[in-house]
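Based on the provided sequences and hints, a complete structural model is requested.
Chains as they are written, first to last, in the working numbering: chain A, 1 to 127; chain B, 1 to 598.
One should not assume that every hint holds.
[As the list claims (entries may be wrong)] Simulated crosslink set (EDC-like; lysine to aspartate or glutamate; CA at most 16 Å straight-line):
id, chain 1, residue 1, chain 2, residue 2
1, A, K48, B, E203
2, A, K48, B, E205
3, A, K48, B, E212
4, A, K70, B, E167
Keep in mind the hints are simulated off the structure, nothing from the lab.
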Amino acid sequence: MKTRMDSNTNSLHKVVFLIMLILVVSASGGLSLVWLRQQISITATRSKALEQELRILDRNIRNLDARIGKLHNPNNLLRRSTELGLNISLPREDQIVRFTRDERDIISSISDSEKLQVPGNLASLTP
Amino acid sequence: MSNAYISTWRLFLLAIGITLGFSGILARLYYLHVWDQENLAKIVKTNRNKIEIIHSRRGKVVDTRGNLLATTNTVIELGVDPHVVVPEDINKLPDLSHLIGLPLKELEARIAKKTRQGSGNFGQKVRNNHWSKLADKIGETNYNKVRALEIKGVYGNRKFERLYPGESLAAHLLGFVNKEGNAVMGIERYMDFYLRGQDGWREIERDGHRRELAQFRQREVDPTHGLNIELTIDFMAQHIIEDELNKLALTYQPQSAAIIVSDPSTGYLIALANWPTFDLNEFWKYPLDTHRNRAVSDIIEPGSTFKIVTVSGALNDSLVLPDTVFDCNQAIVEYKGRRISLPRDHKEYGSLSVSEVVSKSSNRGAAQLGMLLGPNRLYDYSVAFGFGSLSGYPLEGETAGILHPVREWDSLTISRLPIGYAVSATQLQIHYAMSVIANQGVLMSPQLVRRVFDDNGVTIASFRPRTRHRALSAETANKVAQLLIRTVSPDGTAPLAFIPDYEIAGKTGTTEKIINGRYSSRHHVTSFAGFFPASNPRLVISVIVDDPQSSLPAYGGNVAAPVFKKVAQRLIQYMDIQPPKQNREFYAMGGKIIDPLP
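Quick look at the structure:
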């Protein structure tokens, strides 16, 4: 009698264990799936944020290019020159000094200390 | 007695209640899933699923040195969802109004408008308004300020906008893209295939707040951005000629004027400008008339600049030499058994050599040269110099001009065509005819695009110089170039174009305009086309001024030639064109300028 009861108890324990195992596996499987989906969602959101950053950078570069383009507009440069009182103008022909190849050779043979330290372009000097 | 006893009628009521409740739910489910399924599924699909277009960015246009001429900028279209705006933010509206330049009352009215007429797609005549536009385009800086106000429901959508940093610079060459995004004219239209790119798209799902659920992105196709275009135009050279045109317009108030600069050996256009012009960023504010590229679309009688064709033809066929003399006093000559009256000269020249006919621009001398050449050869040379046919200018609007075949000539044409009447041409044709002389007798096609390249600078397509044909021998071209140098000498018609040491060669032109069907002696089209240095031409420049207002008689020599000189002088400095003959060369040393070869 006792042996049969023990046997029944063992069987019950086995069934309970099996049920518990199934529940644990199902729950952990379900939770893993949720976790996986969450990770996919997080990764997708991060990826989207990075794409957005790239777009912003690209946009900023473009906008910067446009601003530089506007600043380089000769009319704008002339306007700024007037505003700042720089009085800049293109050099005239009589302000330009030209060298021939032979003369460059002569200059290169002169030591550096003898050469004139001409600040900037000679052509920009006013007469 | 059991405590679990429940009266029968209560149990009945409960059962009825539960049954009705479930029936209601079932009925609702039936309505949602069966009865109105199609319509509701459509609404859900519309709200949740969306195919998002990822717009491609239009390529940029740069000049030959990489300076930006046209680019695509991002601007923000600002709007508000009136349902989201909270009363606490109302006091921020004056600041918003100030930032976006919208009157406060108008702003308040747009926020107050919470409904709008529905499109009727889902049977709703009045729908909630979730978007009222507040500003068509604001920049990033302003948008950041707007966002800093933190007004709930105010947000912006980014969109691309075409921007031309140079404003009116090279307006007639660049063209523009209109508000609908269509390339209307100029390079924008001609190179639209390369510039426009291809939009991408992605299938997305959104939540109840219309935010994208990134994890449900399905298919995605990246946009292909437009390619970039490098022009042959030089930004600074273009500015120089536009500046000179503006000065000319202030002085002479002409009806119109245009300047073209090109490289004779390649046919590359370096600069081309018309006056009046317009701002590409605000093209809609200017009359349509200003959009016309007159240098390629308007035809004029070339006048004396056409004499280069007559003289070149006669020299090329070895009919005359530069020192062959013609009697330019005679008003009537015998030609093929007919008496032909010769056109008048400005004064009695007497006998002139061919060289002097060119330098003094004698009409009678040129007419006699034309007669010597004969109608067929004169016509052939006119065609060879590019008159009467399209030059191959790549953009729209070019006209071929008028050059009648010999069979349609009247008795006067043989004496009028050699001096540039009885023929109509565009400035571009006149310019490229002069280039024939500068380019050793070869006629080139105008070229405006140098290459197409991608964002990494890799060349996708390059555009090489295009030769049309040889019009005359190199030897003749050199001879004519030498004759044209005399035009700019003190005894020529254009001493005002003279620049020491630079061997300026050119030809003036002055034609009377036809007013009310008759040639007017008060209204002229003045022109000057020339090149330099004659022994090794670097630039061809042509200037045409239509009806300049002047107290003195307006001729090519006193209106167009000085402009040529100013443009040439500025371009010499900018492009570092060296004179062919350097008599004295110096270098700087020891604080003073010394002569290295005393």
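If you test the structure against every hint from before, which numbers come out violated? Violated hints: none at all, because every hint is consistent with the structure.
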